[in-house]
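2 protein chains.
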Amino acid sequence: MEENMSVNRGCCMIEELVLKNRSYRRFVEEKRIEISVLRELIGFSQKSASARNIQPLKYIISNKKETNGLIFPQLSWAGYIRDWDGPEPGERPAAYIVVLHDTARETTEKLLWCDLGLACQNILLGAVEKGYGGCLIASFRKKDIVSVLGISKRYTPLLVIALGKPAESVRLEEVETGGNIRYYRDGEGVHHVPKRKLEDLILKEFADG
Amino acid sequence: MEENMSVNRGCCMIEELVLKNRSYRRFVEEKRIEISVLRELIGFSQKSASARNIQPLKYIISNKKETNGLIFPQLSWAGYIRDWDGPEPGERPAAYIVVLHDTARETTEKLLWCDLGLACQNILLGAVEKGYGGCLIASFRKKDIVSVLGISKRYTPLLVIALGKPAESVRLEEVETGGNIRYYRDGEGVHHVPKRKLEDLILKEFADG
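Sequences listed follow chains A and B, in order. Its first residue numbered 1, the first sequence is counted upward by one per residue in my numbering. Its first residue numbered 1, the second sequence is counted upward by one per residue in my numbering.
By construction, these hints were calculated from the structure, which means they are not laboratory data. Errors might be hidden in some of the hints.
[Claimed, not checked] Derived SDA-like pairs: lysine to any residue, alpha-carbon spacing no greater than 20 Å straight-line:
| id | chain 1 | residue 1 | chain 2 | residue 2 |
| --- | --- | --- | --- | --- |
| 1 | A | K110 | B | P157 |
| 2 | A | K165 | A | A207 |
| 3 | B | K130 | A | H192 |
[To be verified] Beta-carbon label-pair distances, calculated as ranges:
| id | chain 1 | residue 1 | chain 2 | residue 2 | range |
| --- | --- | --- | --- | --- | --- |
| 4 | A | G187 | B | L198 | 39 to 49 Å |
| 5 | A | R171 | B | E66 | 24 to 34 Å |
| 6 | A | S36 | B | S147 | 46 to 56 Å |
| 7 | A | S36 | B | M13 | 34 to 44 Å |
| 8 | B | L198 | A | E106 | 32 to 42 Å |
In this text, a Cβ means the ideal position worked out from N, Cα and C, and glycines have one as well.
The shape of chain A in the complex, shown without the other chains (with noise of 0.2 Å):
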């Protein structure tokens, strides 16, 4: 799978950015995101599709010190790693983006979350071609966010974007069928995350000639 999963050098731009577009958790803290470079990500989501091109979506963007403290004691951290509630001062994020629905935009649950998806996955691929790095949270306390970043009744808070410039090493391995998928973190402190084959994946293929 290490093979599997490593960067084709022979090949194109997005593999390698898919493939360096982990989760991270844990940052260095002090390396700055611009809020020009938020701003920039954010006009990456602006260009995704939206079902119904409804574009419910809307975005709140914190590089300001104060403020991350105030968001990141509402986020729940890496469900399955037990004795850790989220990264110690230093490698916490520089930044977030909070995704928030605009309730004025009517769009169906599903759809708002594929939307949600979509837009994300441009935000994170921006971010890691910029040299940092994410992770969605959608465990968090819904009602303090909206408290401490004073947000009306319109908008409902979806997730949370934690961003930083990674201070972790994290790593795709392969996972046997109906095998454990639980990730985990090494004594070396290295982020581990068991994929489904790519056999397990396809379910058929119908391929001409």
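With chain A's structure known, arrange chain B on it following the hints.
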């Protein structure tokens, strides 16, 4: 907007891909997509993030004329464009990826559809880089897709990705705050997509310094 939306030549690859990655609905049908390319695209989705790393998605891939011919009639195309039932013969997709939920992998509906969006964006950006383009179709006859593709009860089709070499121009436009976001096709067959302005997407900005 034309200017805002155009590719910044001095800038990076992902910006260009994100911009080129439009929802294409008319294709050069005779331009094949090799099955190895479809497998490679699934390899990109394999590496996308998945909530709690459940990886609940499976894929059916087809570049086979016969199978494509069974899939096509089940799809609904471009709801906003009246008097158009989808691409004519010769302009139809050269390949399909049907994305399914493996119901043996439990997750929530929200997280399932977020995973789906993340995975699909990797697939589409990969396709664009290879000179193809696609359209995510959420509106299709599910029972008939299940029947013509012989899908067992364990799997629920979520989305069909139509793929091919694009045979149409798609232009992004900026829409005024609260303006009409319905896409439309002009007299010359150009497809126009009104996108909300960056200022309308960023609800709040907390900037340091």
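Hint numbers contradicted by this structure: Result: hints 2, 3, 5, 7 and 8 break, sorted rising.
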